[in-house]
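**Q** Chain residues, written in single-letter form:
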Amino acid sequence: MREVYIVGAGMTPFGKHSDKDYYDLGQEAVYKAIKDAGIDHRQIEAGYVSNVKAGMAPGQKVFKKLGMTGMLIINVENACSSGQTALNLAYYAVATGQYDAVMAVGCESLTRGRQSGEALAPDQDDIEGILGNVMPGIYAMRAVKYMEMYGATEEDLALVAVKSHKHAALNPYAQYRNLVTVEEVLASRKVAEPFTLQQCCPIADGAAAVVVCSKDKMLQLGAKGVRIDASVLVSGKFKNEPSDMTIPEISERAVNKAYKMAGLGPADIGMVECHDAFTIAELLYYEILGFCNKGEGVQYLRSGAAELGPNAKAVFSVRGGLLCMGHPLGATGVAQAVEATWQLRGQAGDRQIPGLKAALCHITGGGVSGMDNAACGCHIFTV
Amino acid sequence: MREVYIVGAGMTPFGKHSDKDYYDLGQEAVYKAIKDAGIDHRQIEAGYVSNVKAGMAPGQKVFKKLGMTGMLIINVENACSSGQTALNLAYYAVATGQYDAVMAVGCESLTRGRQSGEALAPDQDDIEGILGNVMPGIYAMRAVKYMEMYGATEEDLALVAVKSHKHAALNPYAQYRNLVTVEEVLASRKVAEPFTLQQCCPIADGAAAVVVCSKDKMLQLGAKGVRIDASVLVSGKFKNEPSDMTIPEISERAVNKAYKMAGLGPADIGMVECHDAFTIAELLYYEILGFCNKGEGVQYLRSGAAELGPNAKAVFSVRGGLLCMGHPLGATGVAQAVEATWQLRGQAGDRQIPGLKAALCHITGGGVSGMDNAACGCHIFTV
Amino acid sequence: MSEKNAAVGEEVDFFHPDLFVVPENGEAPYLMGYKCENCGKVWFPKLELCPGCWSDLNQIKLSRQGTLYSYSVIHIGQPGIKTPYVVGYIDFPENVRIYGQLEIEPDKVKTGIPVEVISGVVRTDKVGNPKMISYKFKAI
Amino acid sequence: MSEKNAAVGEEVDFFHPDLFVVPENGEAPYLMGYKCENCGKVWFPKLELCPGCWSDLNQIKLSRQGTLYSYSVIHIGQPGIKTPYVVGYIDFPENVRIYGQLEIEPDKVKTGIPVEVISGVVRTDKVGNPKMISYKFKAI
Ligand SMILES: [Zn+2]
Ligand SMILES: [Zn+2]
Numbered sequence: 007m008r009e010v011y012i013v014g015a016g017m018t019p020f021g022k023h024s025d026k027d028y029y030d031l032g033q034e035a036v037y038k039a040i041k042d043a044g045i046d047h048r049q050i051e052a053g054y055v056s057n058v059k060a061g062m063a064p065g066q067k068v069f070k071k072l073g074m075t076g077m078l079i080i081n082v083e084n085a086c087s088s089g090q091t092a093l094n095l096a097y098y099a100v101a102t103g104q105y106d107a108v109m110a111v112g113c114e115s116l117t118r119g120r121q122s123g124e125a126l127a128p129d130q131d132d133i134e135g136i137l138g139n140v141m142p143g144i145y146a147m148r149a150v151k152y153m154e155m156y157g158a159t160e161e162d163l164a165l166v167a168v169k170s171h172k173h174a175a176l177n178p179y180a181q182y183r184n185l186v187t188v189e190e191v192l193a194s195r196k197v198a199e200p201f202t203l204q205q206c207c208p209i210a211d212g213a214a215a216v217v218v219c220s221k222d223k224m225l226q227l228g229a230k231g232v233r234i235d236a237s238v239l240v241s242g243k244f245k246n247e248p249s250d251m252t253i254p255e256i257s258e259r260a261v262n263k264a265y266k267m268a269g270l271g272p273a274d275i276g277m278v279e280c281h282d283a284f285t286i287a288e289l290l291y292y293e294i295l296g297f298c299n300k301g302e303g304v305q306y307l308r309s310g311a312a313e314l315g316p317n318a319k320a321v322f323s324v325r326g327g328l329l330c331m332g333h334p335l336g337a338t339g340v341a342q343a344v345e346a347t348w349q350l351r352g353q354a355g356d357r358q359i360p361g362l363k364a365a366l367c368h369i370t371g372g373g374v375s376g377m378d379n380a381a382c383g384c385h386i387f388t389v
Numbered sequence: 007m008r009e010v011y012i013v014g015a016g017m018t019p020f021g022k023h024s025d026k027d028y029y030d031l032g033q034e035a036v037y038k039a040i041k042d043a044g045i046d047h048r049q050i051e052a053g054y055v056s057n058v059k060a061g062m063a064p065g066q067k068v069f070k071k072l073g074m075t076g077m078l079i080i081n082v083e084n085a086c087s088s089g090q091t092a093l094n095l096a097y098y099a100v101a102t103g104q105y106d107a108v109m110a111v112g113c114e115s116l117t118r119g120r121q122s123g124e125a126l127a128p129d130q131d132d133i134e135g136i137l138g139n140v141m142p143g144i145y146a147m148r149a150v151k152y153m154e155m156y157g158a159t160e161e162d163l164a165l166v167a168v169k170s171h172k173h174a175a176l177n178p179y180a181q182y183r184n185l186v187t188v189e190e191v192l193a194s195r196k197v198a199e200p201f202t203l204q205q206c207c208p209i210a211d212g213a214a215a216v217v218v219c220s221k222d223k224m225l226q227l228g229a230k231g232v233r234i235d236a237s238v239l240v241s242g243k244f245k246n247e248p249s250d251m252t253i254p255e256i257s258e259r260a261v262n263k264a265y266k267m268a269g270l271g272p273a274d275i276g277m278v279e280c281h282d283a284f285t286i287a288e289l290l291y292y293e294i295l296g297f298c299n300k301g302e303g304v305q306y307l308r309s310g311a312a313e314l315g316p317n318a319k320a321v322f323s324v325r326g327g328l329l330c331m332g333h334p335l336g337a338t339g340v341a342q343a344v345e346a347t348w349q350l351r352g353q354a355g356d357r358q359i360p361g362l363k364a365a366l367c368h369i370t371g372g373g374v375s376g377m378d379n380a381a382c383g384c385h386i387f388t389v
Numbered sequence: 255m256s257e258k259n260a261a262v263g264e265e266v267d268f269f270h271p272d273l274f275v276v277p278e279n280g281e282a283p284y285l286m287g288y289k290c291e292n293c294g295k296v297w298f299p300k301l302e303l304c305p306g307c308w309s310d311l312n313q314i315k316l317s318r319q320g321t322l323y324s325y326s327v328i329h330i331g332q333p334g335i336k337t338p339y340v341v342g343y344i345d346f347p348e349n350v351r352i353y354g355q356l357e358i359e360p361d362k363v364k365t366g367i368p369v370e371v372i373s374g375v376v377r378t379d380k381v382g383n384p385k386m387i388s389y390k391f392k393a394i
Numbered sequence: 255m256s257e258k259n260a261a262v263g264e265e266v267d268f269f270h271p272d273l274f275v276v277p278e279n280g281e282a283p284y285l286m287g288y289k290c291e292n293c294g295k296v297w298f299p300k301l302e303l304c305p306g307c308w309s310d311l312n313q314i315k316l317s318r319q320g321t322l323y324s325y326s327v328i329h330i331g332q333p334g335i336k337t338p339y340v341v342g343y344i345d346f347p348e349n350v351r352i353y354g355q356l357e358i359e360p361d362k363v364k365t366g367i368p369v370e371v372i373s374g375v376v377r378t379d380k381v382g383n384p385k386m387i388s389y390k391f392k393a394i
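Chains as they are written, first to last, in the numbering used here: chain A, 7 to 389; chain B, 7 to 389; chain C, 255 to 394; chain D, 255 to 394.
Among the hints, erroneous ones may be present.
To give an idea of the interface, some chain A residues facing chain B are shown, with a C-beta separation under 7 Å as derived from the structure [stated by the list, open to error]:
{"hint": "1", "residue": "70"}
{"hint": "2", "residue": "78"}
{"hint": "3", "residue": "80"}
{"hint": "4", "residue": "81"}
{"hint": "5", "residue": "85"}
{"hint": "6", "residue": "102"}
{"hint": "7", "residue": "194"}
{"hint": "8", "residue": "239"}
{"hint": "9", "residue": "241"}
{"hint": "10", "residue": "243"}
{"hint": "11", "residue": "244"}
{"hint": "12", "residue": "270"}
{"hint": "13", "residue": "372"}
{"hint": "14", "residue": "374"}
Under the rule of at most 20 Å between Cα atoms (straight-line distance), these lysine-lysine pairs were calculated in the PhoX-like manner [as the list claims (entries may be wrong)]:
{"hint": "15", "chain 1": "C", "residue 1": "289", "chain 2": "A", "residue 2": "243"}
{"hint": "16", "chain 1": "C", "residue 1": "336", "chain 2": "A", "residue 2": "196"}
{"hint": "17", "chain 1": "D", "residue 1": "336", "chain 2": "B", "residue 2": "196"}
{"hint": "18", "chain 1": "C", "residue 1": "300", "chain 2": "A", "residue 2": "243"}
{"hint": "19", "chain 1": "B", "residue 1": "243", "chain 2": "D", "residue 2": "289"}
{"hint": "20", "chain 1": "C", "residue 1": "300", "chain 2": "B", "residue 2": "26"}
{"hint": "21", "chain 1": "A", "residue 1": "319", "chain 2": "A", "residue 2": "230"}
{"hint": "22", "chain 1": "B", "residue 1": "59", "chain 2": "A", "residue 2": "59"}
{"hint": "23", "chain 1": "B", "residue 1": "38", "chain 2": "B", "residue 2": "26"}
{"hint": "24", "chain 1": "A", "residue 1": "319", "chain 2": "A", "residue 2": "172"}
{"hint": "25", "chain 1": "B", "residue 1": "41", "chain 2": "B", "residue 2": "230"}
{"hint": "26", "chain 1": "B", "residue 1": "319", "chain 2": "B", "residue 2": "300"}
{"hint": "27", "chain 1": "B", "residue 1": "196", "chain 2": "D", "residue 2": "364"}
{"hint": "28", "chain 1": "C", "residue 1": "336", "chain 2": "C", "residue 2": "380"}
{"hint": "29", "chain 1": "D", "residue 1": "362", "chain 2": "D", "residue 2": "336"}
{"hint": "30", "chain 1": "B", "residue 1": "243", "chain 2": "D", "residue 2": "300"}
None of these hints come from the bench; they were simulated from the model.
A virtual CB, placed ideally from N, CA and C, is assigned to each residue, including glycine.
Sequences are here, hints too, so could you generate the full structure?
**A** See below:
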């Protein structure tokens with residue numbers, strides 16, 4: 007396998023962009039990533055494009071007005087992990103020598119999807135869905151169990167949101183940039199107990215793109231690259247037996263594969279993007295991704311280890327996370343890689359993590375009854 | 007690159023299966039392909055699953071009840087070429103040594119999609135769609151031009167459907183197995199002149215699956231494999247200048263790449279599956295895929311060269327084609343590969359092409375305004 | 255008892271004969287599991303073959319009682335279910351975990367309590383009339 | 255002239271100012287192309303930059319007349335357009351091909367004839383009233 011680098015990164019701000027469709031957003035992200043890489047757009051040999059809601063041939067619609075057509079374009083979907091799926095294909099296409107320069111693009115318009123009156127009815131064989139199971143409820147049940155097992159409180163959960171807003175306030179690409187207090191978080195509208203609205207990631211539109219290439223190509227471009235040391239994608243296991251819901255097996259399996267592939271461990275990682283769709287998730291991922299022991303997530307958070315500042319160990323959700331960015335399904339996985347690229351290059355402005363050498367991006371999701379999650383991706387980047 | 011083989015093939019009959027959803031159909035195809043390969047289902051390391059209409063994580067839903075979970079699952083979409091996109095990824099995953107045994111699966115329920123009242127409104131920036139352009143109209147304009155340029159008649163077009171029905175009558179997996187006459191074809195309801203209803207492929211549900219593996223794995227299984235000699239996927243070029251609509255550039259480009267990759271040409275090929283969504287298409291593809299000269303498509307058809315029988319050269323649409331099978335978008339590309347596998351193994355029953363050594367499968371489609379088609383795939387298989 | 259499928263929108267009760275049995279003779283309702291002939295594992299809901307070993311499955315009657323593993327009170331739920339409603343995962347002695355709605359007051363629900371399967375309304379129409387009947391769980 | 259977008263469903267006329275101009279002074283309507291400052295290629299419909307060379311584009315007035323490349327009479331069309339309707343591709347001197355509805359009788363249409371851009375009704379509502387007005391083409 008050849009070494010693989012990200013040499014260009016671009017994205018749109020995340021938020022409600024009901025005036026633009028996903029392909030407009032995707033086109034903007036591609037344009038910025040190409041300009042950032044300093045590559046001629048005609049040198050891109052393939053595009054891997056993730057989108058969940060758009061229907062047919064989204065990648066072709068993203069690339070066409072930029073004249074980046076004729077090349078191999080593959081449209082992928084893997085629920086919340088769609089973006090990392092595109093990145094995984096881009097990585098392997100270059101690592102195995104199929105291509106020297108490709109792009110991974112994620113794009114999504116969720117507000118547009120809503121306008122079209124899309125049905126959100128569960129599949130007919132999704133018994134849990136028919137009986138009223140919703141995604142916040144599943145994470146809420148994890149939270150209830152975690153609180154019972156380890157004595158975490160509603161205030162502890164709210165602190166995750168408070169921290170994410172602090173980070174988001176420093177990020178011009180974030181949707182919610184206001185600071186919030188524990189009291190405000192807990193006073194917001196109830197969604198699924200113990201979660202209030204500010205503990206759940208908001209609807210968002212957005213797009214992100216990266217140029218992925220071989221070492222030779224990077225040197226030829228004279229671009230400042232970030233190396234992809236691990237690219238892992240796995241699916242959830244189907245089971246219906248009792249298990250500990252505070253230990254998301256799929257994420258544990260994916261991250262361990264990623265650490266092994268990169269030859270790195272949590273001690274080497276200074277930045278983590280995780281699937282913090284709900285506050286409890288970040289606490290669980292401190293533990294599952296190996297940054298503290300089981301049950302010590304609250305302690306890790308309260309110590310400041312996950313936060314920009316003097317006590318930082320591995321800063322989680324420095325973009326503001328899904329909680330403040332929102333989660334445009336197809337876009338998120340690529341947007342995480344864009345942030346990692348900027349941070350590892352030292353280009354993250356006010357929210358820069360000093361001296362960063364390695365970043366981990368984790369994403370998981372997709373409600374398929376009987377599965378932890380449909381798919382989980384982990385990528386590790388270094389400079 | 008390593009040699010890659012299809013060692014197992016399975017599919018559902020194509021037709022209106024409104025009692026089953028796409029994942030039920032997909033599961034049936036996977037089960038059959040696994041049994042056909044004689045492989046233990048736990049040895050499959052990755053699944054590439056194509057589906058257009060289903061929404062989130064279709065592959066996970068196909069594989070979960072078979073216990074084939076935890077592995078890498080990537081869901082792909084490329085309009086009509088979705089199935090060949092899954093096959094292309096499966097091919098490269100094995101060819102580049104990432105995996106030894108994977109599956110490509112295509113599945114689609116179009117009748118279910120219709121029940122959910124899905125909107126068929128064009129994208130807001132699809133000016134042609136807003137002004138009333140429909141897919142049959144685009145092919146109809148090709149037909150009108152072809153008839154003007156080469157003197158082909160409506161009867162010539164109808165003969166394509168007559169031939170496909172003759173083939174379909176021999177295929178238990180086909181949706182329409184009746185024989186038809188030129189008069190009947192021309193007397194059916196008008197759709198977009200010169201096409202009548204029997205010149206347009208019908209709505210269908212269905213699924214197909216293949217087990218794709220390395221040579222070592224095939225020998226270890228003792229399975230009867232069919233080699234994949236070429237796997238090509240390209241996207242359409244964006245242009246808005248005058249060009250000859252009877253020469254679909256995307257298909258010409260893809261097939262020439264495939265011939266080069268396989269080191270074979272039309273003279274070596276005894277069977278062709280093409281994107282015969284409308285009668286004119288097959289005439290154009292006789293020419294574009296290199297089986298006769300430009301403008302000689304009707305002559306090739308009337309000579310019996312494309313038909314099972316004593317005058318066969320390269321038999322087109324031996325399954326009955328899209329015209330008699332229907333075109334469940336995600337499924338078609340994989341179903342073509344299933345047919346090629348059966349034919350090359352000599353297992354195609356009444357519709358067997360005698361002594362077949364090499365088969366070409368071509369698919370193209372996806373309406374993106376300004377593009378010929380969104381994507382086109384070509385695969386060549388040999389024994 | 256109707257076998258219509260409310261997921262496609264008919265104005266009728268829902269009762270899934272492969273999952274849930276309400277005996278006509280008035281005996282207590284129960285859920286059905288599917289036990290592998292080969293490896294002995296029990297699955298719920300219904301499957302055609304064992305995902306583990308691809309062997310055949312036999313229908314079995316599951317225990318009527320289990321233990322509440324975790325729960326949540328849902329305030330923004332699925333259309334067609336009046337909020338707030340309480341949901342949870344119940345662990346059964348046959349080593350299966352089953353999701354369901356709980357007929358337990360929000361302030362009474364807690365992890366670890368024993369619960370029992372019952373028949374009840376799981377979806378209502380816009381004016382609050384029953385639209386779907388299926389299994390639910392109550393505290394014992 | 256309204257600039258509302260009928261694609262999102264308002265009950266109003268449609269007129270796309272980036273593509274089509276109907277002068278207020280009664281002069282003949284025309285289409286607008288976008289010409290690359292660098293390579294000179296002309297594009298239709300509107301783009302932000304030249305797909306070929308990523309240079310800027312300038313709006314130009316396209317010729318009002320072109321040649322019908324091919325056509326079809328549509329009997330099963332898009333909802334909202336009364337069938338049968340005639341459509342075609344028109345080749346313009348600026349080397350662009352443009353799709354549009356034709357105001358030509360089905361039995362009069364043929365390839366190679368000269369046509370001219372006009373303004374007309376391209377979609378109607380359920381009772382046949384105009385719902386969208388845009389460019390169409392008629393035989394000269
Ligand atoms: Zn078993
Ligand atoms: Zn230019």
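**Q** Each hint needs a verdict: does it hold in this structure or not?
**A** Hint check results:
1. At its closest, the beta carbon of residue 70 of chain A sits 4 Å from a beta carbon of chain B; the interface hint therefore holds under the 7 Å criterion.
2. The closest approach between the C-beta of residue 78 of chain A and any C-beta of chain B is roughly 5 Å, which is under the 7 Å cut-off, so the hint is satisfied.
3. With a cut of 7 Å, the hint placing residue 80 of chain A at the interface with chain B holds, because the nearest CB-to-CB distance is about 6 Å.
4. Taken as an interface hint, residue 81 of chain A checks out: its beta carbon lies about 4 Å from the nearest beta carbon of chain B, inside 7 Å.
5. Hint status for residue 85 of chain A: holds, given a least beta-carbon distance of 5 Å to chain B, under 7 Å.
6. Taken as an interface hint, residue 102 of chain A checks out: its beta carbon lies about 4 Å from the nearest beta carbon of chain B, inside 7 Å.
7. Hint status for residue 194 of chain A relative to chain B: violated, with the closest Cβ pair at about 27 Å, above 7 Å.
8. Because the beta carbon of residue 239 of chain A sits about 5 Å from the nearest beta carbon in chain B, less than 7 Å, this interface hint is met.
9. Satisfaction of the interface hint for residue 241 of chain A is found here, the shortest Cβ-Cβ separation to chain B being roughly 4 Å, below the 7 Å cut-off.
10. A cut of 7 Å between beta carbons decides the hint on residue 243 of chain A: the least distance to chain B is about 5 Å, and the hint holds.
11. Checking residue 244 of chain A against chain B: minimum C-beta separation of about 4 Å stays under 7 Å; hint holds.
12. For the restraint placing residue 270 of chain A at the interface with chain B, the shortest Cβ-Cβ distance is roughly 21 Å, beyond the 7 Å limit, so the hint is violated.
13. The criterion of a C-beta within 7 Å of any C-beta in chain B is met by residue 372 of chain A, whose closest approach is roughly 4 Å, and the hint holds.
14. Taking 7 Å as the C-beta contact cut-off toward chain B, the hint placing residue 374 of chain A at the interface holds, the least distance being around 5 Å.
15. A hinted pair counts as satisfied when its Cα atoms are at most 20 Å apart, and residue 289 of chain C with residue 243 of chain A qualifies at roughly 19 Å.
16. For the hint pairing residue 336 of chain C with residue 196 of chain A, the CA-to-CA distance comes to about 15 Å; that is within 20 Å, so the pair holds.
17. With a C-alpha separation of about 15 Å, the suggested pair residue 336 of chain D and residue 196 of chain B falls inside the 20 Å cut-off, and the hint holds.
18. At roughly 17 Å between alpha-carbon atoms, residue 300 of chain C and residue 243 of chain A fall within 20 Å of each other, so this suggested pair holds.
19. Our distance criterion of 20 Å between C-alpha atoms is met by residue 243 of chain B and residue 289 of chain D, whose separation comes to about 19 Å.
20. For the given pair, residue 300 of chain C sits about 15 Å from residue 26 of chain B by alpha-carbon distance, which is consistent with the 20 Å threshold.
21. Straight-line distance between C-alpha atoms of residue 319 of chain A and residue 230 of chain A comes to about 25 Å, which puts the hinted pair past the 20 Å bound.
22. Note on residue 59 of chain B and residue 59 of chain A: the hinted pairing holds, with a Cα-Cα distance of about 10 Å set against a maximum of 20 Å.
23. Taking the CA atoms of residue 38 of chain B and residue 26 of chain B, the gap is near 17 Å; set against the 20 Å cutoff, the hint holds.
24. Note on residue 319 of chain A and residue 172 of chain A: the hinted pairing holds, with a Cα-Cα distance of about 17 Å set against a maximum of 20 Å.
25. Proximity of residue 41 of chain B to residue 230 of chain B is assessed by CA-CA distance (about 13 Å); at most 20 Å being required, the pair is judged to hold.
26. Of the pairs offered as hints, the one joining residue 319 of chain B and residue 300 of chain B holds, with about 17 Å between alpha carbons and a cut-off of 20 Å not exceeded.
27. Among the hinted pairs, residue 196 of chain B with residue 364 of chain D is consistent with the structure: their alpha-carbon atoms are about 18 Å apart, no more than 20 Å.
28. The hinted pair formed by residue 336 of chain C and residue 380 of chain C meets the criterion: a straight-line CA distance of about 9 Å does not exceed 20 Å.
29. Under the criterion of a C-alpha separation no larger than 20 Å, the hint pairing residue 362 of chain D with residue 336 of chain D is consistent with the structure, at around 19 Å.
30. For the hint linking residue 243 of chain B to residue 300 of chain D, the alpha-carbon distance of about 17 Å falls within 20 Å, and the restraint holds.
When the structure is compared with the earlier hints, violations turn up for hints 7, 12 and 21 and for no others.
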